[in-house]
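Visitor: For reference, the chains in residue letters:
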Amino acid sequence: MKITLIALLSSFLISSAVVLAAGSGKALGSPTASVTIELYSDFACPHCKEFHDETLPSLITDFVNTGKVYLVRHYFLLKFQYSRLSASYACAAEKIGKYNEVSDVLFLTQRNWGISGNVDATVSSVLSPADAQKVRTLAKDPSIAAEIERDTALGTSEKVTETPTMIIVHKGERIPVAGVISYPILKMYLEKVLAR
Amino acid sequence: MTPRRILALTLRILLGCVWLYAAYTKFRESWLVFAMSIDAYRMLPQWAVLALARSLPWIELAIGVMLVTGLAMRYVSIAGAAILSVFFCVMALAHSRGLGIDCGCFGPGDALSKWTLLRDGSLLAAALVLVYLSWKPSGKAAHV
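Heads up: the protein sequence lines correspond to chains Z and F, in order.
Our numbering puts the first residue of the first sequence at 1, with every later residue one more than the last.
Our numbering puts the first residue of the second sequence at 197, with every later residue one more than the last.
Simulated from the structure, these hints should not be mistaken for laboratory data.
Just so you know, these numbers come straight off a predicted model, no measurement behind them.
Some hints could be false.
[To be verified] Below are the DSS-like pairs computed for lysine-lysine, each with C-alpha atoms no more than 30 Å apart in a straight line:
(1) Z:K68 / Z:K159
(2) F:K310 / Z:K140
(3) F:K310 / Z:K159
(4) Z:K140 / Z:K79
[Stated by the list, open to error] Only part of the chain F face toward chain Z is listed, based on derived beta-carbon distances under 10 Å:
(5) A231
(6) L295
(7) A307
[Unchecked claim] Taking CB as the label site, the calculated pair distances span:
(8) F:R250 / Z:A121: 44 to 52 Å
(9) Z:S30 / F:W243: 32 to 40 Å
(10) F:V264 / Z:K171: 31 to 39 Å
(11) Z:Q133 / F:W243: 48 to 56 Å
(12) F:L210 / Z:E191: 38 to 46 Å
(13) F:W243 / Z:I60: 51 to 59 Å
(14) F:A321 / Z:R174: 31 to 39 Å
(15) Z:D53 / F:R293: 13 to 21 Å
(16) Z:G97 / F:R224: 38 to 46 Å
(17) F:S309 / Z:I60: 26 to 34 Å
(18) Z:T61 / F:A278: 39 to 47 Å
(19) Z:R111 / F:I274: 45 to 53 Å
(20) F:T265 / Z:A145: 54 to 62 Å
(21) F:A278 / Z:R136: 57 to 65 Å
Think of the CB as a built atom: it goes at the ideal place given N, C-alpha and C, for glycine as much as any other residue.
Model the full assembly from the supplied sequences, consistent with the hints where possible.
Guide: Right under this line is the structure:
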């Protein structure tokens with residue numbers, strides 16, 4: 001009886017955590033998908049922009065939107081000048097449900113704000129004035145900085161050293177894949193894993 | 197046994213084991229994991245990435261077995277050093293470009309870094325010494 005209760009409580013806690021992740025904006029797709037991809041990236045990293053522009057859209061269309069892959073994006077701070085600032089804005093946007101819009105515009109215009117440092121104007125360009133103000137305020141909140149640090153620490157514990165790094169999880173096996181992988185090859189691998 | 201022969205024997209066993217281990221780490225995972233490591237270097241077209249991912253582990257296995265057993269030493273030592281030279285140049289080029297990727301040498305999770313360059317550079321140096329020891333200055337084969 002006690003064991004059953006503990007098992008039920010554990011499964012409730014795990015499913016709650018998954019639902020929270022799914023609703024946070026950083027996670028896309030079905031949490032019950034048989035493959036999970038944990039993606040560590042830095043908005044200021046040029047290779048992450050390449051991955052975001054070239055590989056991610058097809059991955060989302062073919063595997064995430066079809067329920068085959070659960071994508072969980074993580075912040076991982078590298079040593080670029082505006083890594084922390086851009087992550088703070090994205091994390092703040094996540095709190096008001098605008099992560100995808102902000103993430104997209106940050107990668108799209110990386111070459112501009114990466115030089116000027118004007119992350120605020122970049123982010124504000126895809127938000128309403130009210131949302132922009134909320135994000136601006138939230139971005140300065142210590143809890144946002146702590147969350148980004150937690151994500152980076154999680155990546156470090158997974159031996160992530162560079163970005164983008166995907167950790168492809170399937171049936172308990174975790175395969176780290178670093179760098180910009182062309183979509184056709186990633187697709188071949190995922191199809192093979194899903195066919196197992 | 198002369199010191200020269202002891203050194204040659206040690207190097208060929210050591211390098212043979214390294215080649216065998218490299219092959220093992222690739223056979224352990226799907227060959228497409230290795231294909232993704234090669235692809236991350238962004239130097240080859242897709243067909244070449246797939247062909248190399250399929251064939252390289254077998255080449256590594258063959259070199260490892262031949263080094264350990266001492267078969268066709270003169271030629272295998274040259275082949276091994278040549279392949280290691282290519283690996284080293286490609287890795288150095290990728291590192292100089294600032295690519296944050298896996299080296300792909302010993303399976304996934306082996307990040308390309310100064311350390312991996314030092315490690316592979318040391319292996320290349322050992323392979324070149326083995327080539328030298330496998331050939332007498334006169335051009336005749338040394339029995340190692």
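Visitor: Compare the structure with each hint and give your call.
Guide: Here's how the hints hold up against the structure:
1. Z:K68 / Z:K159: holds (26 Å)
2. F:K310 / Z:K140: Roughly 36 Å between the alpha carbons, so the hint for F:K310 and Z:K140 is violated.
3. F:K310 / Z:K159: holds (16 Å)
4. Z:K140 / Z:K79: Measuring from Cα to Cα gives roughly 20 Å; hence the hint holds.
5. A231: Constraint on F:A231 satisfied, holds at 5 Å.
6. L295: Hint on F:L295: holds, closest Cβ of chain Z at ~6 Å, below 10 Å.
7. A307: holds (5 Å)
8. F:R250 / Z:A121: 44 to 52 Å: About 49 Å separates the Cβ atoms of F:R250 and Z:A121, which means 44 to 52 Å holds.
9. Z:S30 / F:W243: 32 to 40 Å: Because 34 Å falls inside the window, the suggested range holds.
10. F:V264 / Z:K171: 31 to 39 Å: holds (35 Å)
11. Z:Q133 / F:W243: 48 to 56 Å: holds (52 Å)
12. F:L210 / Z:E191: 38 to 46 Å: For F:L210 and Z:E191 the Cβ distance comes to about 39 Å; the hint holds.
13. F:W243 / Z:I60: 51 to 59 Å: violated (26 Å)
14. F:A321 / Z:R174: 31 to 39 Å: Since the Cβ atoms of F:A321 and Z:R174 sit about 34 Å apart, the hinted range of 31 to 39 Å holds.
15. Z:D53 / F:R293: 13 to 21 Å: holds (18 Å)
16. Z:G97 / F:R224: 38 to 46 Å: holds (42 Å)
17. F:S309 / Z:I60: 26 to 34 Å: About 31 Å separates the Cβ atoms of F:S309 and Z:I60, which means 26 to 34 Å holds.
18. Z:T61 / F:A278: 39 to 47 Å: holds (43 Å)
19. Z:R111 / F:I274: 45 to 53 Å: holds (46 Å)
20. F:T265 / Z:A145: 54 to 62 Å: Holds, since F:T265 and Z:A145 (Cβ atoms, about 58 Å apart) stay within the stated range.
21. F:A278 / Z:R136: 57 to 65 Å: holds (58 Å)
Hint check: violations occur at hints 2, 13; the rest are consistent with the structure.
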